[in-house]
Amino acid sequence: MWEYITFGLIVQLFVNGILFGTMYGIAAIGLSLVFGTMRIIFLAQGTMIIFMAYICYWIFTLMGIDPYLSLVIIVPLSLLLGIGLYHILFREAAGLEDKNISLLIAVGLMFLMENLITVIWTANPRFIETSYTSFAFRPMGINISVTRLNGLIMALLSTAGVLLFLKKTMIGMAVRAASEDMISATLVGISPHRVNAVAFAIGIGLAGVAGVGLATIYPFDPYYGFIFALKAIISLAIGGIGSVVGALLGGILLGLIESLASFFFSGGWSDAISFAVFLIVLMFKPEGLFVRSINKA
Amino acid sequence: MENHLLEVKGIDVLYGDVQAVWDVSIHVEEEKIVALVGANGAGKTTLLKTISGITPAKKGEILFQGNSIAKLKPQEVVDIGISHVPEGRRLFSSLTVLENLKLGAYPSRARPLMANSLERAFSLFPLLKNRKDQKAGSLSGGEQQMLAIGRALMAHPVLLMLDEPSLGLSPIFVRTIFELISTLNAQKITILLVEQNINQALKIAHQAYVLKTGKIAMNGSGDELLADPEVQRAYIGKRWSKS
Amino acid sequence: MEDKRSILISVLVVIAFACVPFVLDVDKSYFVFFLFLSFCYVTITQAWNLVGGYTGQISLGQHAFFGLGAYTTAIIWLRDITKTGYFFDPVTMILSGLVPVVLAIIVGIPLLHRLKGDYFAIGTLGVGEIIKVLFVKGGSFTGASDGLHLPSTVFESMKPYYWTGLFLAIFSTVVVYFLIRSRIGLALRAIREDETSAASHGVHVLKYKVFAFAVGAFLTGLAGSLYAYYLFHINPDAVLKLNWTLYPVLMCVIGGTGRIMGPVIGAFFMNGVFFLTDIYFVEINPIMAGLLIIIVMRFMPGGLIGLKDMIMSRK
Chain X
1 MWEYITFGLI VQLFVNGILF GTMYGIAAIG LSLVFGTMRI IFLAQGTMII FMAYICYWIF
61 TLMGIDPYLS LVIIVPLSLL LGIGLYHILF REAAGLEDKN ISLLIAVGLM FLMENLITVI
121 WTANPRFIET SYTSFAFRPM GINISVTRLN GLIMALLSTA GVLLFLKKTM IGMAVRAASE
181 DMISATLVGI SPHRVNAVAF AIGIGLAGVA GVGLATIYPF DPYYGFIFAL KAIISLAIGG
241 IGSVVGALLG GILLGLIESL ASFFFSGGWS DAISFAVFLI VLMFKPEGLF VRSINKA
Chain Z
1 MENHLLEVKG IDVLYGDVQA VWDVSIHVEE EKIVALVGAN GAGKTTLLKT ISGITPAKKG
61 EILFQGNSIA KLKPQEVVDI GISHVPEGRR LFSSLTVLEN LKLGAYPSRA RPLMANSLER
121 AFSLFPLLKN RKDQKAGSLS GGEQQMLAIG RALMAHPVLL MLDEPSLGLS PIFVRTIFEL
181 ISTLNAQKIT ILLVEQNINQ ALKIAHQAYV LKTGKIAMNG SGDELLADPE VQRAYIGKRW
241 SKS
Chain V
1 MEDKRSILIS VLVVIAFACV PFVLDVDKSY FVFFLFLSFC YVTITQAWNL VGGYTGQISL
61 GQHAFFGLGA YTTAIIWLRD ITKTGYFFDP VTMILSGLVP VVLAIIVGIP LLHRLKGDYF
121 AIGTLGVGEI IKVLFVKGGS FTGASDGLHL PSTVFESMKP YYWTGLFLAI FSTVVVYFLI
181 RSRIGLALRA IREDETSAAS HGVHVLKYKV FAFAVGAFLT GLAGSLYAYY LFHINPDAVL
241 KLNWTLYPVL MCVIGGTGRI MGPVIGAFFM NGVFFLTDIY FVEINPIMAG LLIIIVMRFM
301 PGGLIGLKDM IMSRK
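Protein chains in written order, with the numbering used here: chain X, 1 to 297; chain Z, 1 to 243; chain V, 1 to 315.
Any given hint might turn out to be false.
[Stated by the list, open to error] EDC-like, lysine to aspartate or glutamate: derived pairs with alpha carbons at most 20 Å apart:
1. Z/135 with X/287
2. X/168 with Z/133
3. V/116 with X/129
4. Z/212 with Z/230
These aren't lab readings, by the way, just hints derived from the structure by calculation.
Model the full structure from these sequences, guided by the hints.
Pasting the structure below:
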């Protein structure tokens, strides 16, 4: 196999990995925000992404609306869904000392959504096929699929949006403050439910973006969500919990690792390698690879 | 009775099964400095936490401007004009100095006044102005304490509760802090002060309470308690024999 | 549980369970199969209760121990390694518990030493997934993704399964019960409450955590072994699926974490829900499990056993 490896091929693997890794990245940003304020790993994140991918699929097949145009519907919808889910499911549990309860509600939600999707859309893989799905740019012989490129652009734009929101708005600052010290945040007048709901809404909002990205790139089925959530968790650990840019970079790095691993080893090993990287990072650099200063108490 | 800004009546506070505060009653008069003193673990910090809603009382009543606030959540207590600077300052250390201050004006009541409040904070603490884009965690202990007080002032409190503001600070900063407390009081802010620096605290306090294992052991004006032989012997004599 | 009455009731219930095969037709009754599966769940849930409930270390890698136990039984049987027989052979079963213990110690020492809380949880999840891949890629030794086929012709009756299952459920409950009441249990609970303070009181935190993790792995491995005897076809999808981690966590929490009867109540309750929805609401069956977890956690965060406390404290 080694004689087939050319420079162009390596570049291609890198490009593929980076482009798809951005999807992990935005999923990880969502996880990071929810973890920041609520201190739980929101295991249902992947399933929410898949759910949004199905919504996108639905809008596309039933109404013929272009998947990227459907973002106009999907993003507000998912933001509202996030607020609703927080207030209906997590509001009470968020105040409890025992974080496992919130974690388990998330697990229950994952089960519920996974099976709800199966009941509504069946377990058959779906894929959105538009006129431009197979279109690709070919600079210097490297294949850059237009849908993957769009995924990258969406990821970068939404990351920038989240960063601006967190830096420039009062409620965004409040989310950051609450992520650091919830008690102290309440002492300046911040309501925990408010910041939790906002973090949750943005998390699910990002799931909407990732859902559209995924639906246009990859075939998906209801059970892919959990694997996707695991990948997002790995990205988050690699990037460092609490850092938005770190989460995105973590996702990109994971995409790269997977792309290379599935080429050089057979497909089945790539998940094991991702987990091994994850364990190594957890063991030796638990604050993540992309976090510079540590000011955790 | 009428000019009692804050009245705490017979509260019991429990942490799990351990009772930290037993039937404590205090009152804070408007525009005065009231000190809570006593040994470590006497329940002073707990009392402040109960007033600010972090650790609700099991029994008893808390009145602020005549209204019951015992059931309010911490963020609601800030809204009505009580700001609490907690022990250990608890700044948002990964946020900048400016961001910390801005968040101080989070209550809707304080938000429209933010520009003015910032100006006031920077004139009170010129040091912070030069460091406004620095992360709060990179400040020195004294600067952090100033930022913590500055952040609390951004909410325009009627009552400012300070928990151990001089703890761990250099003597120069300790003096600055006590001067600051008097200055703030002169600006008609009522102060409820918890201090381990009992001598200094009693000197500036109009009224003081001595807590002992969760109960009020003594109360009186700052000067009275300062002159009290019991207080001298138990709290001041040993540690502050020089003064 | 302390008083004699509870012990008496427990003994009576156990005797009643033990007599079921004399009353019902074991090989035809759906109910007996329900009980058998519930016993398996009680065993793995009690194991998780020790690690997650009493020691406070949320392990999400239990499926690795379950699968390892199942595979150990299958491999010993197929190659007749122990020469002690194979079908329900105690030596095989104990070895199937001990192999997971070895894994628990090897991965437990670094993981429990370096990782806390959620990090430990996802760390163990990672270990579980890696073990799964190793078995899928294990070639002829593990039979790869097709797995191993055991000679199912030896199957005669469900009875020995039923009793072995009952024995394992009781065994795990008794082991956890006595462990918790011993000095070890005191240390474990101290670690759950406050690790730093436990350490400052002279508790060797890592040693106890690894011990609990290993005992949990042993009990889970035993259940895996029994399940292998029941399945006859051991493959990664069947014995290394994540359900073997998720179910015990759910059952434990739904029953009541850190309570000796929690796993028993949770396992029977959840398994009952799975069975009933399977019979009566086939279409929405999968939805029910998720919905139920949400409802119980949303309204009864202490689990079903906490319901009793809630009613008591309302009075």
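Here's how the hints hold up against the structure:
1. Z/135 with X/287: holds (19 Å)
2. X/168 with Z/133: holds (14 Å)
3. V/116 with X/129: violated (44 Å)
4. Z/212 with Z/230: Distance ~13 Å between residue 212 of chain Z and residue 230 of chain Z Cα, so the pair holds.
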